[in-house]
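Q: One-letter residues, chain by chain:
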Amino acid sequence: MTAISEVVKPPRPASRIRVEQLQAGLFASPYLAHLLLLTAWPFLALTYLSFTDYDTVSSPGWIGLDNYARLLRDEDFWNSLLNTGVFAVIYVPAQTVLALVLAVALNQRLRFMPLLRGAYFVPVVSSWVVIAYVADAVFNPRTGSANTVLGWFGLDPQTWLHSPALAVPTLALVAVWKGVGYMMVLFLAGLQSIPKELYEAAEMDGAGPVRRFRHITVPAVSGTTFLVLVLSTISVLQAFEQVYVMTGGGPNGASEVTALYMYRQGFEYFQMGYAAAIAWVLFGITLVLTLLQLRLQRKWVHYA
Amino acid sequence: MPRKERSKIAVIATALALTATAACGGGEDTAGGKVVLTLGYYAEAGGPADATMRKLAAQFTRANPGIEVKIESADYDEFYKRLRTQLAGGKAPDVWLSDGVLVQEFAGRNSLRDLTKHAAGLNLADYHGIDLIKKGDPQGRLFAFPQGAQSTALFYNKALFAKAGVAPPTAEWTYDDLLAAARKLTQDTNGDGKPDVYGFRAYSPSFVESWWPMVKAFGGDVLADSGKIAIDGQGSRDALAWMNKAMYEDKAAPDPVTTEALGKSQILFPSGIVAMQFGIYARIQTAAQGKIDMGVAPLPKGPGGQRGELANINSWVINRASSDPEADAAWKWITFFAGEGPQKEWMSIGEAIPINKKVAQSPEFLTPSTPPTDRKPFVDALADADDLGLNPVWSEYTAAITKQVTGALSKQIGIDEALRTAQADAQAAVDRFKPAG
Chain A
1 MTAISEVVKP PRPASRIRVE QLQAGLFASP YLAHLLLLTA WPFLALTYLS
51 FTDYDTVSSP GWIGLDNYAR LLRDEDFWNS LLNTGVFAVI YVPAQTVLAL
101 VLAVALNQRL RFMPLLRGAY FVPVVSSWVV IAYVADAVFN PRTGSANTVL
151 GWFGLDPQTW LHSPALAVPT LALVAVWKGV GYMMVLFLAG LQSIPKELYE
201 AAEMDGAGPV RRFRHITVPA VSGTTFLVLV LSTISVLQAF EQVYVMTGGG
251 PNGASEVTAL YMYRQGFEYF QMGYAAAIAW VLFGITLVLT LLQLRLQRKW
301 VHYA
Chain B
305 MPRKERSKIA VIATALALTA TAACGGGEDT AGGKVVLTLG YYAEAGGPAD
355 ATMRKLAAQF TRANPGIEVK IESADYDEFY KRLRTQLAGG KAPDVWLSDG
405 VLVQEFAGRN SLRDLTKHAA GLNLADYHGI DLIKKGDPQG RLFAFPQGAQ
455 STALFYNKAL FAKAGVAPPT AEWTYDDLLA AARKLTQDTN GDGKPDVYGF
505 RAYSPSFVES WWPMVKAFGG DVLADSGKIA IDGQGSRDAL AWMNKAMYED
555 KAAPDPVTTE ALGKSQILFP SGIVAMQFGI YARIQTAAQG KIDMGVAPLP
605 KGPGGQRGEL ANINSWVINR ASSDPEADAA WKWITFFAGE GPQKEWMSIG
655 EAIPINKKVA QSPEFLTPST PPTDRKPFVD ALADADDLGL NPVWSEYTAA
705 ITKQVTGALS KQIGIDEALR TAQADAQAAV DRFKPAG
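Sequence order for the protein chains is A and B. All the letters of the first sequence, read from the start, carry residue numbers 1 to 304 under my numbering. All the letters of the second sequence, read from the start, carry residue numbers 305 to 741 under my numbering.
In case anyone wonders, no lab produced these hints; they're calculated from the structure. Owing to the predicted nature of the structure, the values given are computational and were not obtained by experimental measurement. The C-beta atom is built at its ideal place from N, Cα and C for all residues, glycine as well. Keep in mind that a hint or two might mislead.
Claimed, not checked - Computed cross-link-like contacts, DMTMM-like style, restricted to lysine to aspartate or glutamate with a CA-CA straight-line distance of at most 20 Å:
(1) K385(B) <-> E372(B)
(2) K498(B) <-> D76(A)
(3) K707(B) <-> E75(A)
(4) K568(B) <-> D136(A)
(5) K462(B) <-> E644(B)
(6) K595(B) <-> D688(B)
(7) K738(B) <-> D136(A)
(8) K385(B) <-> E75(A)
(9) K359(B) <-> D381(B)
(10) K707(B) <-> D53(A)
(11) K385(B) <-> D66(A)
(12) K738(B) <-> E241(A)
(13) K462(B) <-> D481(B)
(14) K738(B) <-> D53(A)
(15) K395(B) <-> E75(A)
(16) K662(B) <-> D632(B)
(17) K680(B) <-> E721(B)
(18) K715(B) <-> D136(A)
(19) K498(B) <-> D481(B)
(20) K707(B) <-> D66(A)
(21) K715(B) <-> D597(B)
Stated by the list, open to error - Every beta carbon over 12 Å from chain A, so not counted as near; a handful from chain B, in silico:
(22) D381
(23) Y384
(24) T389
(25) R413
(26) A466
(27) A528
(28) T563
(29) T639
(30) L670
(31) E700
(32) L713
(33) G718
(34) D729
(35) A732
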């Protein structure tokens, strides 16, 4: 009986519960305010605006599905989606593979490794304006080093960001250079959690470095690879600042990605309702791609 | 609830309420009995335009002790990005400097005061640009007042002309003369098979210095007086064909890709890569930075004798949402800026043609000691110029045309198809617009 009486606590008075509830509410209020004001409200407003003709100055006027119908006919919008798709097809795999290769190469206990890891991380924390200047030193058609390298192999110089065919691939390469350091850090964390015994056992069984990489490293970091793929896909669909700073969508719309097109509609042409509809479509594409990746990961991601 | 708990909750709730009230509070339009005038303009921070504007604002405040001026400035892109957000939030400046081509975009969305009554007390014939501003409004109202004017002239590099033994351009030049001179001026100095100096810059993303005046000179138009898009016409076809001949057949002008690859279109003349360009008045500043000994001549004549002159009148506009005292203070600022003293100050930085005709006709402006020493072609062009097809969707419809025209000038699509698509896309943008109110 004594033991039971020690476990069963006397009921708290109702007033005490009310105070605790109130205190809990107050502690949660900053988060709730953030959720309501900066997430839920803009989300609802965006949904409403996408069904309106709204020039940002006059009151929005309900036009039903007109904005979405216009999107279907808008060649420039489809062109921007195509540009975003090409950007993603180059950027996502290139960044993922390069980040993994770099992480494996830098996952060693050598003297200058921290310095090297830091060097690869510097572009991640640099602004796009700085990156644009550095990229110009490489891809400037007259003075850039990229054309010098092409010259060594007897190839014709290119106009890179000024070429309709090369603008998006060049942007994707620069984006890989800027973002690879961050993804490399994610892979490094994944690599350091692989037990060394696995490699030792494989080595004793006669597996060489390539087989160890293929059969131990790649499966072991598949969870990280999945994360990197999802993050890279989302970031490429949101690509704006880089394109705005480096090409402005040019030459002649050749690098106009969807986020930039949306910005132009909303903030340059006063068509916030149409921009809201584009935002919704972009959100839908992001959601579908993420769900697809989630579904497919069951087939190739190995969780310990 | 214990008293201590209640007190704590009351303190937190009061703090939250005060924070919310402060966040939602509106701006003041008076301070210590003074009217607070928010003045917005675009200028490079710390540059000559910014410094001169601040100096003039200080003079204005001294002359009007009942007005306190609060300045909001940023570079061009940032200024308009911010302004559009401010308009949406009802926090735009009381008076701001509008790019002339954007006045109707703001007016068409009910953001501007009609200044017609304010201006009734002035002799409007004393100022350049009034008619071009009125032309933008279907009812001829005055939604802006000129601040500085830009017209287009033919810039030429005197040293490159002398080196090639070509006579400088004259007012009688036609487009044939321009092309003939451009061919002679084009030079491959290092023998690599590519020109190092081109005779003329035909293409520029700044279309007022490129295809637009050419379309008009060849008898075409972009926006007809009826308000309909008119780009798909014979004049446009002839103008674009002339440009493509200059770029691809005669190779006397860099094509669009080469223009950008050589270091952007506005760098070519100041760096001596092209010997001639169509340029607005403000290009004198950039050419002077390149220490180019330049002259200016009227634009060449098209087949029908037209020059296709265009002008953009950058203007002061007053926020429709401002109170009457703020609007009155804003009008005082506008008339102050249009006066001879401030116009001379503004003229000294070389950014625009003075809108005060007396100042624009002064020897200090027309025949300065720095090149170009004869600036009369700009004033003459201003007198004959048409506007840049102003309407409430100017940015959108000109972007639609520019995309197709650039495609034709880059030989990505044929001229006929480009003009047909440009016509349809631009007209669709015009038709989509529904006036506010």
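Q: For K738(B) and D136(A), compute the direct alpha-carbon distance and say whether it is at most 20 Å.
A: violated, 42 Å
Q: Would you assess whether T563(B), listed as outside the interface, keeps its beta-carbon beyond 12 Å of every beta-carbon in chain A?
A: violated, 9 Å
Q: Under the criterion that the straight-line Cα-Cα distance not exceed 20 Å, is the pair K707(B), D53(A) satisfied?
A: Since the Cα atoms of K707(B) and D53(A) sit roughly 25 Å apart, the hinted pair is violated (cutoff 20 Å).
Q: A cut-off of 12 Å on Cβ-Cβ distance, and E700(B) was said to be off the interface with chain A. Does that hold?
A: violated, 4 Å
Q: Compute the least Cβ-Cβ separation between A528(B) and chain A, then decide whether it is above 12 Å.
A: holds, 22 Å
Q: Between K385(B) and D66(A), is the straight-line Cα distance small enough, at 20 Å or below?
A: Violated: K385(B) and D66(A) sit about 26 Å apart, past 20 Å.
Q: Compare the distance between the alpha carbons of K738(B) and E241(A) with 20 Å, and conclude whether the hinted pair is satisfied.
A: violated, 31 Å
Q: Hinted pair, alpha-carbon criterion (20 Å max): K715(B), D597(B). Please report holds or violated.
A: Judged against 20 Å, a Cα distance of about 34 Å means the pair is violated.
Q: Closest CB-CB distance from D381(B) to chain A, is it above 12 Å?
A: Not fine: 9 Å to the nearest Cβ puts D381(B) too close to chain A.
Q: For A732(B), is the shortest CB-to-CB distance to chain A above 12 Å, so the non-interface label stands?
A: At roughly 9 Å from the nearest Cβ of chain A, A732(B) sits no farther out than 12 Å, so the non-interface label is violated.
Q: Starting from K498(B), check that the Cα of D76(A) is at most 20 Å away, please.
A: violated, 35 Å
Q: Is the nearest CB of chain A more than 12 Å from the CB of L713(B)?
A: For L713(B), whose nearest Cβ neighbour in chain A is about 9 Å away, the distance does not exceed 12 Å, so it is violated.
Hint check: violations occur at hints 1, 2, 5, 6, 7, 8, 9, 10, 11, 12, 15, 16, 17, 18, 19, 20, 21, 22, 23, 24, 25, 28, 31, 32, 34 and 35; the rest are consistent with the structure.
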